[in-house]
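A.B. asks: Chains as they are written, first to last, in numbering that gives the first Met the number 0: chain A, 0 to 570; chain B, 0 to 570.
Hint data in this document are derived by calculation from the structure and do not stem from the laboratory. Misleading hints may appear alongside valid ones.
If chains are identical, the list can't say which one is meant, so a pair holds when it fits in one copy or spans any two.
The calculated lysine-lysine pairs, modelled on DSSO-like cross-linking and capped at a C-alpha distance of 30 Å, are [what the hints assert, rightly or not]:
hint, residue 1, residue 2
1, Lys28, Lys214
2, Lys104, Lys371
3, Lys139, Lys288
4, Lys28, Lys171
5, Lys401, Lys525
6, Lys214, Lys43
7, Lys483, Lys447
8, Lys401, Lys28
9, Lys28, Lys43
10, Lys447, Lys371
11, Lys190, Lys43
12, Lys132, Lys43
13, Lys28, Lys139
14, Lys371, Lys132
15, Lys448, Lys516
16, Lys288, Lys214
17, Lys174, Lys104
Residues per chain are reported as follows:
Number of protein chains: 2
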Amino acid sequence: MAFTAYIYDVVLGSFRPVRIEIRNGLFAKITPITVTEHTQIDVKGLILPGFIDSHIHIESSMITPAQFAKIAVRHGTTSVVCDPHEIANVMGIEGIEMMIENASKVPFNFYFSAPSCVPATPFETSGAVIDSKGIEYLLKKDEIVALGEMMNFPGVINGDEEVLRKLELARKYEKPIDGHAPLLSHEDLNKYLEQGISTDHECSNIMEALEKKVKGMKIMVRDGSSAMDMEGLFNIDDLEFPEGNPFCSTSLFKAIFEGKIYNPLFDFIVSDDKHPNDLIKGHLNLSIKKAVSLGIDILKAISMVTVNPAYHYGLNCGVIVEGAQADFIIVDNILDCNVLKTYIAGECVFDGENVLFDVPEIEDFNSMNVSKKSADDFDIHYDGDECEVNVIECFDGELLTKWSTAKLYVKDGIVQPDIFQDVLKIAVVERYGGNAVANAFIKGFNLKKGAIASSVAHDSHNIIAVGYNSEMMAQAVNMVIENKGGIAVVSEDFADSLPLPIAGLMSNEDAYDVAHKLGILHNMAKALGCELTSPFMTMAFMALLVIPSLKISDKGLFDGDSFEFVDVIRN
Amino acid sequence: MAFTAYIYDVVLGSFRPVRIEIRNGLFAKITPITVTEHTQIDVKGLILPGFIDSHIHIESSMITPAQFAKIAVRHGTTSVVCDPHEIANVMGIEGIEMMIENASKVPFNFYFSAPSCVPATPFETSGAVIDSKGIEYLLKKDEIVALGEMMNFPGVINGDEEVLRKLELARKYEKPIDGHAPLLSHEDLNKYLEQGISTDHECSNIMEALEKKVKGMKIMVRDGSSAMDMEGLFNIDDLEFPEGNPFCSTSLFKAIFEGKIYNPLFDFIVSDDKHPNDLIKGHLNLSIKKAVSLGIDILKAISMVTVNPAYHYGLNCGVIVEGAQADFIIVDNILDCNVLKTYIAGECVFDGENVLFDVPEIEDFNSMNVSKKSADDFDIHYDGDECEVNVIECFDGELLTKWSTAKLYVKDGIVQPDIFQDVLKIAVVERYGGNAVANAFIKGFNLKKGAIASSVAHDSHNIIAVGYNSEMMAQAVNMVIENKGGIAVVSEDFADSLPLPIAGLMSNEDAYDVAHKLGILHNMAKALGCELTSPFMTMAFMALLVIPSLKISDKGLFDGDSFEFVDVIRN
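Working from the sequences, and respecting the hints, build out all of it.
C.D. replies: Following this line, the structure appears as structure tokens:
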């Protein structure tokens, strides 16, 4: 294949018309041309390298890798470095290999990282454990290009043996180590960095990013569904000029203040999580526009999703040079950056209207090793007329919760939730064979009736449910179990569900269908009184123990500050 | 050699701390490091690739290549692509080889282009002719990386055989062809481009640059002593949105208008000519700051003098990557960009105070094949009492002249110049053995007495002189001849000169000494009444026939619009 086109050269930061020859999926020859009346420019539009999302958990999109590819190519994404951390918590290495297998069947560049923290904590029941031996097994694979985000920074800092062994293995196999170190700084950050951890996608303000950058990390600006750090990172209003800061900050600060250069601090733009309803709207194509609206040069933004991640992870793409894989997109123009066509390894995979490849399914199986529940599984007992309880208080769009308390009545020995105080019941149902149920109280969901349940519950993905009524909660949980996983909303008047039969996390349906169904469930939850923007997402994070204050695992109510379990009933 | 440092990575557009290992003059290994309290950063400052001036005529600096290197490394320049067009007009291939030989003796990257237009026109006597055979001889040399600027665009457009042969040879030897096409556009530009000419450094406004860019040229933004196009190129006030423009301009224009992206139009920053008095003050280090003051991102400006020219001319420098030559500079910070140290091929050549290499001289020789002149050589005869004459009118800082006329008295059969009208005499003395003298009149120099003369006179570099008095003109010319070339100022009260014994163009002295002497001569010319900013430069361009309107060669007064000789006396 050979054609003439205008390209934007991300290495030189310049436009030029060229003749491109593609052989065996690679750019075989790039020849500069001159454009006169005798020259035909074959491509109507501007060619850029395909976009690379260098940190994403595909499971959060609730679709298979193949289905992810199908929607992502519409937005100009041609490569992802994905951390199959969620499925690993459910199914371990077997789940990762299932993802790799499914991914390999579509023309899309899937690179994987080996999930470093499975399970996330010892305070919950996960479906699998990946120890250092498992990590070594994974790191030997060609598809695995990095050690996934090291969330266990206390383990790194305190020299946990198994954690250090995993890090050592990544260094041994010369694969980069991704970091995850929100607000880590000073000595603790130094210890973390000395292990060779080289990226961070958790920076939420410029001062944090600056310290990490100066110390040698590459900064991933996150613009995803769960967390959007871009505004915070690009806000220099709070910037304070630090005294005695390490080298090169003076000039950086000066440049930042003068608005002359904003670029060299940030290396990548990533999504981390992209929910189906967001993913159908766009991906990195929207993120780079957002970066531009916040003051980043479009050309720098493009580098952050092309050459920079390719170079870091050693991927043979992200640039239009001879020898690189012929992954490219055609956009209408450099500013609007609307994706007209997408090519991977020289083949057109999106022609502006249709995606030109078939999507293989992952065979149905049941990862739900759990028996049906009845209403009394969700009762909290107390011997008295009323009691004071600890309550998880959650907030719209936030992962952090507050430790609240409430006084509740007791009827027939069962503590009663209170709609007027908005103190509902929350439960985590272990689904890996143990059949435990942990019950507690939560504030913030405002459900006036019915219940919601989901098998997406970070990071162990047991079944989580919120409701007023034990019977409704049992019905919602049982619907999830019947579906082999997924999300369910039930009430006296209606019930519906989004089945996620693959590990309880993903569907074989396409992104549009999943997003559509999720939208229906959202509306149903709203009809039940819930005012949260994303009730299922908020619920999923109520089991994420590493983020304070009060959370819940299948083992009970958990204090994320002191890292210990607490009783539901205070007196 | 190995050390740790912060680098600015021009390919990734990002800062990072690394450990650099240098072996055999190359970057042998670049290892990312993390910076904690245990890490020593050896280099105090930020490392950038050394700067590359991708289009310069070193002869305009009036010093030898070796002396040029000595001053350029102080400003962070480590490479130049130089077109030895001036010496070629005087000495042909022998002169070019003398330049290459001298350049090879200092640790500096001199790349040369083969001068494509020697002589510049058939209307003057030059010291040499370089035909297509000579061009082929040059193109075979490793030191020659390009065919030098093709100024003869009429020759290209009209299909001049010898011109086309030279262009064909450049394509045959796969060496880029530099362009020089001021204001060329539409069909003519198309014909010019079809020959594979790939750069232009003559754009003076954004519309001109845009057409050339869209058609496939790489745009060199010129910031030199003779011509400073940067302001004009970066001025978008006059920008008009063209209808039916070729592809990709819509978005470019939009971006330009919105001030969101200014970068991808321009590829290089070059100096073209750098006079000694400017060169001692700075080089590309000042040009990039100027670009920043005009709205270009400093990071883009740095790319324009590093990776971009290196890539275009196939030079193994301009980037800090493994395998590239270890040419780098240490600057205080990215914004001020003050050069603290300069390294070439891993060796420190400027330590912040001293230049650490010796400068070889070019052996003295006499390129002046011309006999001494007497006053009557500069007389213009007329049989009558007065006459009307054609007058070259020149303007401060401009290459263009105006065709004026004046009425002059005749005394003893000799036409008399007139100080009150500021109509002085101008002469070009052929210095290649023919001994011809062409005389005419000029307005604009305002010399009240004395005369100035110089062997720097573009492009053939015959001796040019301006004065009121024939005797003074003869003395000035003879002083140039005695000096084997150079610049002279004489009057009844004083006389002084700057000898340029190497081809009448260059001195073995260093830039500071030459600049100092030139400053003295400037002041002397001023004392004689001349108000021009650079009287010798202005005089040098009075012989540049290709720039209209009225000019003078050793063969007579010349009309640069109709390309024919004209008589001095009108009646």
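A.B. asks: Give a verdict on every hint.
C.D. replies: Here's how the hints hold up against the structure:
no.: 1; hint: Lys28 <-> Lys214; result: between (39 Å within a copy, 20 Å between copies)
no.: 2; hint: Lys104 <-> Lys371; result: neither (36 Å within a copy, 87 Å between copies)
no.: 3; hint: Lys139 <-> Lys288; result: neither (37 Å within a copy, 48 Å between copies)
no.: 4; hint: Lys28 <-> Lys171; result: between (36 Å within a copy, 18 Å between copies)
no.: 5; hint: Lys401 <-> Lys525; result: within (23 Å within a copy, 81 Å between copies)
no.: 6; hint: Lys214 <-> Lys43; result: between (44 Å within a copy, 15 Å between copies)
no.: 7; hint: Lys483 <-> Lys447; result: within (27 Å within a copy, 102 Å between copies)
no.: 8; hint: Lys401 <-> Lys28; result: neither (59 Å within a copy, 50 Å between copies)
no.: 9; hint: Lys28 <-> Lys43; result: within (20 Å within a copy, 42 Å between copies)
no.: 10; hint: Lys447 <-> Lys371; result: within (24 Å within a copy, 111 Å between copies)
no.: 11; hint: Lys190 <-> Lys43; result: between (52 Å within a copy, 24 Å between copies)
no.: 12; hint: Lys132 <-> Lys43; result: neither (51 Å within a copy, 43 Å between copies)
no.: 13; hint: Lys28 <-> Lys139; result: between (33 Å within a copy, 24 Å between copies)
no.: 14; hint: Lys371 <-> Lys132; result: neither (35 Å within a copy, 92 Å between copies)
no.: 15; hint: Lys448 <-> Lys516; result: within (21 Å within a copy, 94 Å between copies)
no.: 16; hint: Lys288 <-> Lys214; result: both (29 Å within a copy, 28 Å between copies)
no.: 17; hint: Lys174 <-> Lys104; result: within (24 Å within a copy, 44 Å between copies)
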